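Participant: Respectively, the protein sequence lines represent chains X and P. Count the first sequence with the working numbering and you get residues 1 to 317, in order. Count the second sequence with the working numbering and you get residues 1001 to 1322, in order.
It cannot be assumed that every hint is accurate.
To be verified - Here chain X is said to cover these stretches of chain P; the calculated rule only asks that three of the stretch's residues, wherever they fall, bring their Cβ under 8 Å from a Cβ of chain X: (1) 1017-1028; (2) 1141-1150.
As the list claims (entries may be wrong) - Restraint-style ranges between C-beta atoms, simulated for each label pair: (3) P:1183 with X:27: 43 to 51 Å; (4) P:1097 with X:27: 27 to 35 Å; (5) P:1012 with X:155: 39 to 47 Å; (6) X:306 with P:1032: 49 to 57 Å; (7) X:155 with P:1315: 54 to 62 Å; (8) X:209 with P:1264: 44 to 52 Å; (9) X:154 with P:1097: 52 to 60 Å; (10) X:157 with P:1190: 51 to 59 Å; (11) P:1032 with X:185: 55 to 63 Å; (12) P:1096 with X:127: 46 to 54 Å.
If you're looking for bench data, these hints aren't it; they were derived computationally from the structure. Keep in mind that this is a model prediction, so the values were computed, not measured. All residues carry an ideal CB built from backbone N, CA and C; glycine is no exception.
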Amino acid sequence: MKPVTLWLAAGLILAALICASVLIGAASLFSGDVDGGLLIAVSRLPRTLAALLAGAGLALAGVVVQMAVQNRLVEPGLVGTPEAAMLGLLAVTLIAPGASMMVKMSVAAAAALVGTLCFMALARHVPRRDPVLLPLVGLIYGGILGAAALWVAWTTDLVQYLGTWMSGEFSGVLAGRYELLWIVAVLAPLLYLAADRITLLGLGEDAARSLGLNYRQTLLAGLLLVAIITAAVVVTVGAIPFVGLVVPNIISRLRGDNLRRNLPLTAWLGASAVLACDILGRLIRWPYEIPAGTIFAVFGAGVFLWLLNAAPRRAHA
Amino acid sequence: MPLRDVLMPDRRRLIPLALMLTGLAALFLAWNLKAPVEFILTLRVGKLASLVVVGAAIGAATVIFQTLTENRLLTPGIVGFDALFVFIQTALVLLFGGSVQAAIPPLLQFLAEAACLVAVSLALFTLLLGRGAGDILRMVLSGVILGIFLRGLTSFAQRLLDPSEFAIVQQASIASFTAVNPQVLTIAGITLILALGAALWLAPSLDAAGLGRQTARGIGLDHDRVVLVGLSLVGLLVALSTALVGPVTFLGLIAASLAYRFCGTWRHAVLIPAAALIGAAILVAGQFMFERILGLQSSLSVVVEFLGGLLFLFLLLRRSAR
Chain X
1 MKPVTLWLAA GLILAALICA SVLIGAASLF SGDVDGGLLI AVSRLPRTLA ALLAGAGLAL
61 AGVVVQMAVQ NRLVEPGLVG TPEAAMLGLL AVTLIAPGAS MMVKMSVAAA AALVGTLCFM
121 ALARHVPRRD PVLLPLVGLI YGGILGAAAL WVAWTTDLVQ YLGTWMSGEF SGVLAGRYEL
181 LWIVAVLAPL LYLAADRITL LGLGEDAARS LGLNYRQTLL AGLLLVAIIT AAVVVTVGAI
241 PFVGLVVPNI ISRLRGDNLR RNLPLTAWLG ASAVLACDIL GRLIRWPYEI PAGTIFAVFG
301 AGVFLWLLNA APRRAHA
Chain P
1001 MPLRDVLMPD RRRLIPLALM LTGLAALFLA WNLKAPVEFI LTLRVGKLAS LVVVGAAIGA
1061 ATVIFQTLTE NRLLTPGIVG FDALFVFIQT ALVLLFGGSV QAAIPPLLQF LAEAACLVAV
1121 SLALFTLLLG RGAGDILRMV LSGVILGIFL RGLTSFAQRL LDPSEFAIVQ QASIASFTAV
1181 NPQVLTIAGI TLILALGAAL WLAPSLDAAG LGRQTARGIG LDHDRVVLVG LSLVGLLVAL
1241 STALVGPVTF LGLIAASLAY RFCGTWRHAV LIPAAALIGA AILVAGQFMF ERILGLQSSL
1301 SVVVEFLGGL LFLFLLLRRS AR
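With the sequences and hints as input, model every part of the structure.
Facilitator: Structure follows, in structure tokens:
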């Protein structure tokens, strides 16, 4: 497909999804019971934007993590980043319950960064020869952090909070309560500028250094980006698993590995897929809702199983 | 030395384990016992029985499962057996409605659910895990993701349920050792004894199957039949433990690793009872610590997950370092 046609198609799909998302919901826009304009401004539009931003951010974070550990079967959700962010959130909720959203988010991002760096340290000890080992270690690492968070929440009666962070859904999104997610829109262009460096990161430490990359600095910057995006998503809508795994894999299968060319497409697919899941969640049991995170988990786990078993192995799958 | 012990020297290892479990059980029952003695004892006996049944079932199931898959990292919980059980329960409620569910006697219901689990798990796991015996890690990861997939499907199905029907399912999906129906407990206890008997009968075949498919077939074992029977037993044991208290992922891993370490044998006639005893002892000791000493309620399963996860990571990395 020519780039122009591709982008036209992508734009059309996105526009259709946005229209559908604005129009579909428990209350009808045209019945006259509610002020349609107000409904759109306060609920529908913020919700649509939140889904788009969260999806794009998670997909981009997935790319960075995959490059950083040189493994295609990993994503932030599989290396314990959301669980670490939840631990940070729990800590700040316990120590300073009245802290502002921004403070909570910063603490969560810091915790997420520490958690991800711990995983990177762990990953150094994992042999490279089997690409499947690393996601397994990451899953269990995340599970241990999750169990710790659950235990803390249990002893302090915060299990309900934990529940809202663990399952990503957009029904609670209103104007004024999702704006943190705009961080994604700020960070995405930065990532685009650094795309070539991130590509070099994916070649491994030795190759990247020999090509003149400041490996440590780039790695730290990339992981900081991942931590901030993940923390923002967890704080505002809750964790959505598998977005960062499935989307970059589909894109790289279709379009190869040129990151600078692919990043916009990755962001687009992540945003569209999450928004589509949210719309689907609103439709299946109308007027009740199913969390977008649940729908994506089912879909994403299915795709992951397929990636793992049916697909031919790539050079560094 | 008596002849029996010459033939089976490892079996003596079971004695200290049995003594330990008895001691723990006595401690669990007698600690700080106040009036009304009879009432408290009844409560404690019920709880103790459910802990022992669940621990023993999970321990035995894990040893059988690890031999069949020739992999000491796997447990039925890690590859999503218990997620499958909760999913089947949810699907049954979704298909037939909660009222039908309530009308069926518990025994019939349990047997039907267990049969479903055995059938579905046989189909699924031979499909997914059978061909990958050479590629163990891929198999483990597939299993883990399958578990996530099933849990996702379950929570999806639960969203489609009425609140009252949801309550029925939720009882099954959270591990709790506090409220167990005595009738279900009796059924589970009898099933456990029968399943353990069958496992001991299967033990010599399992010893042979542990040599690997090629070798086992070479010495005349009907390997496929052993896998079929063994997986059915695992399904049954997991079904009964999940029906009693809900999913406990990593307990089996701890129990089985300790059993290998403590017994130092490959005989399943020893390993299976040893893992069962250790599994039961861990749960009884853990619950005792939590409830009586630390005064915490129902967070035992979380701690078992935490420690089991650490053990899994350790085993995985040590295995890969070699």
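Participant: For the hint 27 to 35 Å, verify it against the beta carbon of residue 1097 of chain P and that of residue 27 of chain X.
Facilitator: 30 Å Cβ-Cβ, so the 27 to 35 Å window holds.
Participant: Verify the CB-CB distance for residue 1032 of chain P and residue 185 of chain X against the hinted window 55 to 63 Å.
Facilitator: Distance hint for residue 1032 of chain P, residue 185 of chain X holds at roughly 60 Å.
Participant: Within 51 to 59 Å: is that where the Cβ-Cβ distance between residue 157 of chain X and residue 1190 of chain P falls?
Facilitator: Given range 51 to 59 Å: violated, Cβ gap about 39 Å.
Participant: Within 44 to 52 Å: is that where the Cβ-Cβ distance between residue 209 of chain X and residue 1264 of chain P falls?
Facilitator: 48 Å, holds
Participant: Using the C-beta atoms of residue 1096 of chain P and residue 127 of chain X, is the stated range 46 to 54 Å upheld?
Facilitator: Distance hint for residue 1096 of chain P, residue 127 of chain X holds at roughly 49 Å.
Participant: Check the following: the C-beta atoms of residue 306 of chain X and residue 1032 of chain P are separated by a distance inside 49 to 57 Å.
Facilitator: 55 Å, holds
Participant: Is it true that the C-beta distance of residue 154 of chain X to residue 1097 of chain P lies inside 52 to 60 Å, as the hint says?
Facilitator: 33 Å Cβ-Cβ, so the 52 to 60 Å window is violated.
Participant: For residue 155 of chain X and residue 1315 of chain P, compare the CB-CB distance with the range 54 to 62 Å and indicate the outcome.
Facilitator: 28 Å, violated
Participant: Mind taking a look at whether chain X covers the segment 1017-1028 of chain P? Criterion is 3 or more residues with CB to CB distance under 8 Å.
Facilitator: It is violated, with 0 qualifying residues against the three required.
Participant: Can the suggested window of 43 to 51 Å be confirmed for the beta-carbon pair residue 1183 of chain P and residue 27 of chain X?
Facilitator: 47 Å, holds
Participant: Check whether three or more residues of the segment 1141-1150 of chain P sit with their beta carbon closer than 8 Å to a beta carbon of chain X.
Facilitator: holds (count 7)
Participant: Confirm or reject the claim that residue 1012 of chain P and residue 155 of chain X have a C-beta distance inside 39 to 47 Å.
Facilitator: This hint holds: roughly 42 Å between Cβ atoms.
Violated hints, listed in ascending order, are 1, 7, 9, 10; each of the other numbered hints is respected by the structure.
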